[in-house]
Each structure stands twice: as C-alpha cells, then as structure tokens.
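*Asks:* Chain A is fixed; fit chain B onto it per the hints.
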Amino acid sequence: MQTHLTLRTLKSPKRPDKEVQALFAVHPSGRAVVFVHGFSGDPISTWSDFHLLLPAAQRCAGHDFFFYGYDGLWADMNASAALLRDFLDRLLGSTSALANANLPSDGQRPANFEYEEILFVAHSLGAVMIRRALLDLTAMGRPWLAKSRLVLFAPAHKGARVVDLALQITTGMTFIKQFVGIARFQSPLIDQLKPDSTELRDLLEDTKKARRRGANPHLRAQQVVFAEYEKIVQNLRFADDPPAETIPDTHHTNVCKPRTGFLRPLELVEPFL
Amino acid sequence: VNIRKANLEDLVSFYFGGERVTSAMNHIADLILAKGNEDLASLLRNHRFRSIKTDKERYLRAGMDDFLLGCDVLEIAILTGFIDPPEPTVFWQRFGVILGNKEARLYFEQYYPVKLPQLLALRLQGRFIQTEQEDSMLTSFMLQFLALDRGFMESLNGRYLLKLLDSFRIDGYRFNDIAALISHPKTFVERILLPPKKRTVPDIALQELVLFFQFAESLQKLLNGAADRPLVQAEAWSHYSYWFEKLGVKLNQQLGSALDRFLTWQPVGDELQGKVEIQIYVNQAKLVLHQLTIVPYSHLVDAVLQQHRLKRTATKVPAAKKQEALVKPIVKTAARKAAKKAQVKLRLRH
Numbered sequence: 001m002q003t004h005l006t007l008r009t010l011k012s013p014k015r016p017d018k019e020v021q022a023l024f025a026v027h028p029s030g031r032a033v034v035f036v037h038g039f040s041g042d043p044i045s046t047w048s049d050f051h052l053l054l055p056a057a058q059r060c061a062g063h064d065f066f067f068y069g070y071d072g073l074w075a076d077m078n079a080s081a082a083l084l085r086d087f088l089d090r091l092l093g094s095t096s097a098l099a100n101a102n103l104p105s106d107g108q109r110p111a112n113f114e115y116e117e118i119l120f121v122a123h124s125l126g127a128v129m130i131r132r133a134l135l136d137l138t139a140m141g142r143p144w145l146a147k148s149r150l151v152l153f154a155p156a157h158k159g160a161r162v163v164d165l166a167l168q169i170t171t172g173m174t175f176i177k178q179f180v181g182i183a184r185f186q187s188p189l190i191d192q193l194k195p196d197s198t199e200l201r202d203l204l205e206d207t208k209k210a211r212r213r214g215a216n217p218h219l220r221a222q223q224v225v226f227a228e229y230e231k232i233v234q235n236l237r238f239a240d241d242p243p244a245e246t247i248p249d250t251h252h253t254n255v256c257k258p259r260t261g262f263l264r265p266l267e268l269v270e271p272f273l
Numbered sequence: 274v275n276i277r278k279a280n281l282e283d284l285v286s287f288y289f290g291g292e293r294v295t296s297a298m299n300h301i302a303d304l305i306l307a308k309g310n311e312d313l314a315s316l317l318r319n320h321r322f323r324s325i326k327t328d329k330e331r332y333l334r335a336g337m338d339d340f341l342l343g344c345d346v347l348e349i350a351i352l353t354g355f356i357d358p359p360e361p362t363v364f365w366q367r368f369g370v371i372l373g374n375k376e377a378r379l380y381f382e383q384y385y386p387v388k389l390p391q392l393l394a395l396r397l398q399g400r401f402i403q404t405e406q407e408d409s410m411l412t413s414f415m416l417q418f419l420a421l422d423r424g425f426m427e428s429l430n431g432r433y434l435l436k437l438l439d440s441f442r443i444d445g446y447r448f449n450d451i452a453a454l455i456s457h458p459k460t461f462v463e464r465i466l467l468p469p470k471k472r473t474v475p476d477i478a479l480q481e482l483v484l485f486f487q488f489a490e491s492l493q494k495l496l497n498g499a500a501d502r503p504l505v506q507a508e509a510w511s512h513y514s515y516w517f518e519k520l521g522v523k524l525n526q527q528l529g530s531a532l533d534r535f536l537t538w539q540p541v542g543d544e545l546q547g548k549v550e551i552q553i554y555v556n557q558a559k560l561v562l563h564q565l566t567i568v569p570y571s572h573l574v575d576a577v578l579q580q581h582r583l584k585r586t587a588t589k590v591p592a593a594k595k596q597e598a599l600v601k602p603i604v605k606t607a608a609r610k611a612a613k614k615a616q617v618k619l620r621l622r623h
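Here the protein sequences line up with chains A and B, keeping their order.
Mind the numbering: the first sequence is residues 1 to 273 in our numbering, read in order.
Mind the numbering: the second sequence is residues 274 to 623 in our numbering, read in order.
Misleading hints may appear alongside valid ones.
[As the list claims (entries may be wrong)] Lysine-lysine pairs mimicking DSS-like chemistry, simulated, CA-CA at most 27 Å apart:
{"hint": "1", "chain 1": "B", "residue 1": "LYS470", "chain 2": "A", "residue 2": "LYS18"}
{"hint": "2", "chain 1": "A", "residue 1": "LYS11", "chain 2": "B", "residue 2": "LYS278"}
{"hint": "3", "chain 1": "B", "residue 1": "LYS470", "chain 2": "A", "residue 2": "LYS194"}
{"hint": "4", "chain 1": "A", "residue 1": "LYS231", "chain 2": "B", "residue 2": "LYS459"}
{"hint": "5", "chain 1": "B", "residue 1": "LYS471", "chain 2": "A", "residue 2": "LYS194"}
{"hint": "6", "chain 1": "A", "residue 1": "LYS18", "chain 2": "B", "residue 2": "LYS436"}
{"hint": "7", "chain 1": "B", "residue 1": "LYS470", "chain 2": "A", "residue 2": "LYS11"}
{"hint": "8", "chain 1": "A", "residue 1": "LYS14", "chain 2": "B", "residue 2": "LYS470"}
Worth flagging that the hints you see were computed from the coordinates, not collected in a lab.
In isolation and in its complexed conformation, chain A is listed as follows (with noise of 0.2 Å):
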C-alpha cells in the first residue's frame, strides 16, 4: 500500500522552500522528521536511501518527511542558519498552511492540522545550522521546541577541514584527496569551521547558557553517530551530548546513508521516530 505521496519540490519561488523536498504522509500521524544535509550536500542525496526506506518502515507510515535544502558550499553560517530558523518557523508554527499549499486537492489536512512530534536529523555542518537555529528559536520563545528532538550524524560543531570535505562531496569520488593534494577554493565556511572560530564558540556557550540546570532538554542530541574513519570532523563530544555511537567501517560521507544491506544509520534512528 502507498503510505506516502509523491516527492515534491514545495512550491515556491524562493529560497530556502524551492529546496526543500517533502513526502507527505497519506494518512498523517502528526509526525514530522526533518532532515538538514551538511556542508556542499543535497537535500536528498546526502540522505540516500532514507527517502526509501523511512516511507516503507511501518511506524513512519504516518509520518511527514522533510529534506532541507540550502548552499552549504558558499554562503555564510550564520545566515543560512537564519534562512532555516525561519523555515521551521513556518512549519512548525503555521503547518496547515504550509502543508496544504504543497498537497493535492485530495490529500488536503485539517485547518488546525499541526505536529504531535517533530525529529530533526542533520549531518556535519547541518549539525551546526540546526543548533544555531534552535538556539535562536529557544530565545523567541516558540511552543512547539518542546516536541522536539535531534540525532547527529558526524556533526561539525566542534570543527571541519572544509577544502577536503569539498573535494570529496562535490565529486562523489572518495579518492580525490589523493591526486589533488591542496585545492584552491574559497568559501566563508572555512574559517567558521575552524575549531577555535568564533561562531563554533559562540555556539557551544550559548547551548551550554540555554541548557543550564537542565533547561531546554531539546537542545541536547538525544543521539550522535560518529564514523569510524572519520577525515573532516573532529569527533568530540558537545556540550551535555550523550556520548556518541560510533558506525564502524564508514566514513564522513557514508556514515548517514542508509541502504538495503547497510542499515545501520537508520536503526539508530528509529528509536526516537
């Protein structure tokens, strides 16, 4: 049985909606599970085969599915964590509204349709996005953070070796690095994933100011997944993060892709669909 429409691009002329992907539930749960890809990735691809496999688990079958979009190559931090503050936002605070816009005359939900339950999954520099803006969500206050919760896949937050991550990612050849050796490029990002840069300080204090006694429990990973051969990110722990997984034989690319035969990613994620 078909539990999930069609993948669609939602409707928009602009940013960051015209990057975003979404499966819709047929028969919506009020659960939604949004997916922020890291640094030079696809909303889809960086994710591949969660697209796949997610709708055809039964307990997601109710589930909405949202893949992030955005320029993670060459825009700044900051201000793509702004774009996708904004973004969830309007999802989670006017949800009907958002959904229905993107749904057929058919499959049209309640005025006052909103989420029970809402995960984020992001990977490397997503990591760092989705706690910038959460941080900023926590400070204005918004109702719905309190049905939330994060899982990470080898997430950036304590720094990145950008140029290595941007020859691997953007040419999908795990072995570039090795006939290249230094690359020019430039990009914003390089210096803001440095491990001692302000935004990565700026960061973990305020997750560490918002978290005091115990506070804002949504801003604590529920789960961290590292690779065992990791080369881009620093694997250290965050913050009050609990203490990471770690999924042997992969690496900073592979760690969040899920596939029949590789299922590893996503059972570690099931436990808080």
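*Replies:* Then chain B, alone, in the frame of chain A:
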C-alpha cells in the same frame, strides 16, 4: 484520500504544469480544433526537411517534447497502477486529441520516435490495456523512479551536458573539450569548486558530468531491481531511450573516453590505494554505461508496438509518404557518399 487521483494531480503538476508545456499543449490543441493542419504540420515538421528558424517555433517544439516526456511518465504510472487507466474525461480527451492527431503522430512516431507516448496513445484508443498487479514493491519502484526522474529533469534534462553529448556546440565548446578537462585533476577540481557566478559552460558541464554518472548508476540499480517486472523495466528504460538507445553507442564511446582520462591521474604521494580506487570507479561507471546502452531493456515495449504496427494494415500516413519521397534522394546521396568515404578509408588502411 483517493491516492491515485492525488498521484495523477502530482504528476500533472510536475510534468504538465510548466509554462512551456502548457503553451505548447494549448497551441497544438487549438490548431487541431481549428483544423489548422498546415500550420500544425509546419510547426511539427522534421527539421531535416526544413530547419527550425523562429524562437516561437523552438519554444513550442520544446514544449511538445516536454509534453511527450510527461506522457512517458503517465504511461509508466498507469502500467504500475500508480494512477487509474484513462477514462473518458476532459483531461484524457485532451491527451487523446493531441496524441491521435496525424501531424503529432508523425512527430513522435517517425521524425523523432519515442515509444511510450505511442503506448499511451494506444491506451487512449483502448487498444493496449495491460497493467501490472499492484504490490508494495511496485509502489516503491514507482516512487523511486519518480524521485530519480525529478532529479534528472531538474539537473540534467535540456542542460549543457546532454546538449553537448547530442553533438551541440555551446559557446564554442564541444563534448571533447569538456572531457579534456578531466585529464588534469587539479583543473578538474578547481573548476568543480568555482563559485556559481564564476562558472562558465565547461565548468557547469563538468559538474553535470559528475551528476550524470551518479544518475546512471542509480537508474541501473533501479532497473535491475525491477527484473521480475520486465515490462515495467522496459518502460522505465524507454523513458531515457533517447540517450541510452538512440545515442547509445556514441554516449558509450564519448563518456567511456572521458572516464579513461581519470586513469591518467597520478597520486600526489606514492599511494597505490588511490590508483586502485580510481580504477574501481572507472570500471564501475563503464559497466553501468555499458549495461544501460547495450542491454536490450526495451524489447517488450518494442514487441507491443510492433504487434500493433502489424495490425495496422498499410496505414502509413500519406503526409509521411510525401516527406519520405522528398527525403529519399537526399538519403540516397548521403548513403552513396558515406559508402564512398568508407571505401576510401578501407583503401587507405590496406
């Protein structure tokens, strides 16, 4: 929720919602209803007989091609039970009017033959009714196919790389110029990493080349997964048959030689591992291309069309005959020239 109705609405919105395809459908339907056969024949002519000159013609013909690509997807969707078979509604009647028109048929059956609109036309006439028995695997296949095709349509269709592979020259560049950029790993990477505003035709085409290899791998994986549904497999492949069948041999050669250039790369250090990994990458990509261009995925679609062609006794459209008569001498001369050239080549070799 009527899921099939919702699916149809989604497909129509994506494949037939664009300005160009809408304009073309309206214009062609209007000409058909007004019996403007000459105008329609002129618009949908074979460009080998008379070249396409005005921007308006190019726009409308591109819209017609969009329409035919959309028809491909509707046909696959009907076969897999993703949408209901055609009914006598205004929506389907409009498709019937265009696909059943003599000039339109010449366009997609003879001048620029595409298979799935022909099958959809047969469905609309009630002459082809086959559908697959629905199950969750088939639904999953269809959702995967649509996700893949959405990526193809948005990132590759009508863009630089495919035009270059189709022998176009853009801003003075041919496909070989793009392939040559692969020879130097540093140039390759620096072009791929250029900021969007600084990118020129070869930079964009190079990025599309990387995307095309990824697309081909996903398509081949999807087709292999549908091996137990040969007609579904055949129809899904036929949607891309312009690239993998009509241009198949050329595509294989051009992309194959582009891939070979990766093998000339030398690791920065003495890393043997890099050499091994690049060899695996090239072999895998070549295997995928070979399978997509050589394996006769579409034979079931061809068989259905052939069967219906046989049923149509001597139904060659008169207009086609006329154009054929015009073109025959040209083809004969071209064939004679080609034969002569081949003989000269042979002589030179010996």
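*Asks:* Does LYS278 of chain B sit within 27 Å of LYS11 of chain A, going by the straight-line distance between their CA atoms?
*Replies:* holds (19 Å)
*Asks:* For the pair we were handed, LYS470 of chain B and LYS11 of chain A, check the Cα-Cα distance against 27 Å.
*Replies:* Distance ~25 Å between LYS470 of chain B and LYS11 of chain A Cα, so the pair holds.
*Asks:* For the pair supplied as a hint, LYS14 of chain A and LYS470 of chain B, confirm whether the alpha-carbon distance does not exceed 27 Å.
*Replies:* holds (19 Å)
*Asks:* Please work out if LYS470 of chain B and LYS194 of chain A have their alpha carbons no farther apart than 27 Å.
*Replies:* holds (25 Å)
*Asks:* Going straight from one Cα to the other, do LYS18 of chain A and LYS436 of chain B come out at no more than 27 Å?
*Replies:* holds (26 Å)
*Asks:* Are the Cα positions of LYS231 of chain A and LYS459 of chain B separated by 27 Å at most?
*Replies:* holds (21 Å)
*Asks:* When you check the alpha-carbon spacing of LYS471 of chain B and LYS194 of chain A, does it fall within 27 Å?
*Replies:* Distance ~26 Å between LYS471 of chain B and LYS194 of chain A Cα, so the pair holds.
*Asks:* Mind checking the alpha carbons of LYS470 of chain B and LYS18 of chain A for me, to see if they're no more than 27 Å apart?
*Replies:* holds (20 Å)
Hint compliance for this structure: no hint is broken.
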